[in-house]
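We have chain B already, so just place chain Z on it with the hints.
So the sequence lines, in the order shown, correspond to chains B and Z. Mapping of the first sequence onto numbering that gives the first Met the number 0: position 376 corresponds to residue 375, and the numbering continues sequentially without gaps. Mapping of the second sequence onto numbering that gives the first Met the number 0: position 50 corresponds to residue 49, and the numbering continues sequentially without gaps.
Among the hints, erroneous ones may be present.
What the hints assert, rightly or not - Taking CB as the label site, the calculated pair distances span:
| # | chain 1 | residue 1 | chain 2 | residue 2 | range |
| --- | --- | --- | --- | --- | --- |
| 1 | B | Asp49 | Z | Ala21 | 32 to 42 Å |
| 2 | Z | Asp6 | B | Asp63 | 21 to 31 Å |
| 3 | Z | Asp6 | B | Arg384 | 42 to 52 Å |
| 4 | Z | Ile24 | B | Val58 | 44 to 54 Å |
| 5 | Z | Gly37 | B | Glu173 | 27 to 37 Å |
| 6 | B | Arg189 | Z | Lys32 | 26 to 36 Å |
| 7 | Z | Asp6 | B | Thr35 | 24 to 34 Å |
| 8 | B | Glu349 | Z | Gly37 | 47 to 57 Å |
| 9 | Z | Asp6 | B | Asp240 | 22 to 32 Å |
For the record, the hints were derived by calculation from the structure and aren't laboratory data. By construction, the Cβ of each residue, glycine as well, lies at the ideal position given by its N, Cα and C atoms.
What follows is the residue order along each chain.
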Amino acid sequence: MHRADPGSFRDPASHIVFDGDRVLRLLDERGLAAWTALSGTDFFSRGVADGRLIDTRQVDHGGDAAAALEHPRIPFVSYPYEWTFSMLKDAALLQLDLLAEALAEGITIKDATPFNIQFIEGRPVFIDIGSFETYTAGEPWIGYRQFTRQFLFPLMLRSHVGVPFQPWLRGNPEGPTAGEMRQLLGPWQRLKPSAMLHVSLQARMEERMSGRAVRNELRTAGFNADLILANIRKLRRLVADLDWDGSRAGWIEYESCEHVGRDRETKSEFLEQALGEFRPARVVDFGANDGHFSEIAVASGATTVAVDGDEPVLDALYRRGTEASLVLSDLTNPSPSQGWAEVERPGLSERVRPDLVIAYGLIHHLIYTASIPPTAVTGWLASFRCPVVVEFVSPTDEMVTKLTANKMDQELHTGRTQGDFETILSDHFEIQATRILGEGSRTLYSLRPALNG
Amino acid sequence: MLFGYLDAGSGSLILQAILGGAAGILVAFKAWKARMMGKRAIAGADSESNVDDSAIPTES
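Only chain B is shown next, with the shape it has when bound in the complex:
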């Protein structure tokens, strides 16, 4: 019995279903014709071999579909509004490179959305094999507008305007229109040649020509694949030159904090012990920061998701090359379930499904900065129904003193002492191990869900 992927329904020619742990792509006759053409190209074999295209093989299938393909399961699915600048940029370059290589062998990509790309072991991989189809001479690149809205404009928003693209894509995954982008750019930014062409001119032409059929005229006038390739070459240079200085803000200097270096070795050992004891297949590291502890989980063989709300540190981790899956998300406002019928793109907690949670250097920020009650924080950790390795930070800790410098005691939730914390924990967990850090204001806990929790 197949279970349809609620996020795969837009293309009538190709959609994903799950058969137990297997991932199948079911094709109609048109999809089968496209697959037959694609699978015979050198470009496809090369792309699969070097990991830029998802591994794909045709399998026998007894259902109504014209054919079925099987893909490996993606360890963790993330969405472009959870990616950092460099991740979206690399995804954009992959999209352009694949289209250029495909066109050279008479194949095109019928859309251009980052939702067709996933990060596996730290590298972007194009997963929507159903997006490839035979190129018909004289046809323009159907995905150009979508490429600008979902790749180019979000990157320009960060690079040129200094505004993060993730909130926009989370609010509207279609991305800004050329007209909206024109409004967002300042007067000087609009004078950049790239902005004049891809933003202002596109906005103007979209306004003037909305709803008119132009493809026949383009074909008759001599449009050809060389024009698409010339456009792709220029777009590639443009995207490659887009930059963002993410090192100016955030927690990029975190490693230089005194307590971080002092406690790191002890915290690493404590985590390694927990990983050895619980042997989790899937780990999520909430508040991953520079990814040090995520890397320990990766080294243990666990599929690891590193979640952090700070783009500069997560972007630096991505550029360093980590095998952990990265999610840029504020834990007090994680990605919700959204899209069609609110099931198209599941929320973060539905996707992580860990066997072990790491919450180092995290809960005091939730309690003191975000004003989440300690009982709610512990209840949230317990909601994953798996072991947790957590760092408790007492109210007397130097960092807590800084976080509460401008807060009156009565403005803080009760239940913040270590005694309170252990009482609250006992509602959900059994304490397996503890370790006091440094001068005693911080304690590590290794927790197993209580049988009656």
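Same frame as chain B, but now just chain Z:
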């Protein structure tokens, strides 16, 4: 060719020709000229109260 489920945007399609460089600008101009001539043909047919639908360019 069957067209995709994606709305490519008419203005964005013509723009692609321009973005393709000098050869593309010529293509865009020819397409624009063909469009103008098509419009004139429709206008002429309209004035004779005899609209010829085949003169209206359609997606294939």
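A quick look at each hint next to the structure:
Roughly 34 Å separates the CB atoms of aspartate 49 of chain B and alanine 21 of chain Z, a value that falls within the hinted 32 to 42 Å. With their beta carbons about 29 Å apart, aspartate 6 of chain Z and aspartate 63 of chain B fall inside the hinted range of 21 to 31 Å. A beta carbon spacing of about 43 Å between aspartate 6 of chain Z and arginine 384 of chain B agrees with the range 42 to 52 Å that was offered as a hint. Between isoleucine 24 of chain Z and valine 58 of chain B, the C-beta spacing of about 48 Å keeps the proposed range 44 to 54 Å intact.
Between glycine 37 of chain Z and glutamate 173 of chain B the C-beta distance comes to about 31 Å, which sits within the given range of 27 to 37 Å. Against the hinted window of 26 to 36 Å, the Cβ-Cβ separation of arginine 189 of chain B and lysine 32 of chain Z comes to about 29 Å, which satisfies the hint. Hint check: aspartate 6 of chain Z to threonine 35 of chain B, Cβ distance near 27 Å, so the stated range 24 to 34 Å holds. Checked against the hint of 47 to 57 Å, the C-beta distance between glutamate 349 of chain B and glycine 37 of chain Z comes to roughly 52 Å, which is consistent with it.
Our hint of 22 to 32 Å for aspartate 6 of chain Z and aspartate 240 of chain B holds, since their Cβ atoms are close to 29 Å apart.
When held up to the earlier numbered hints, the structure conflicts with none and fits them all.
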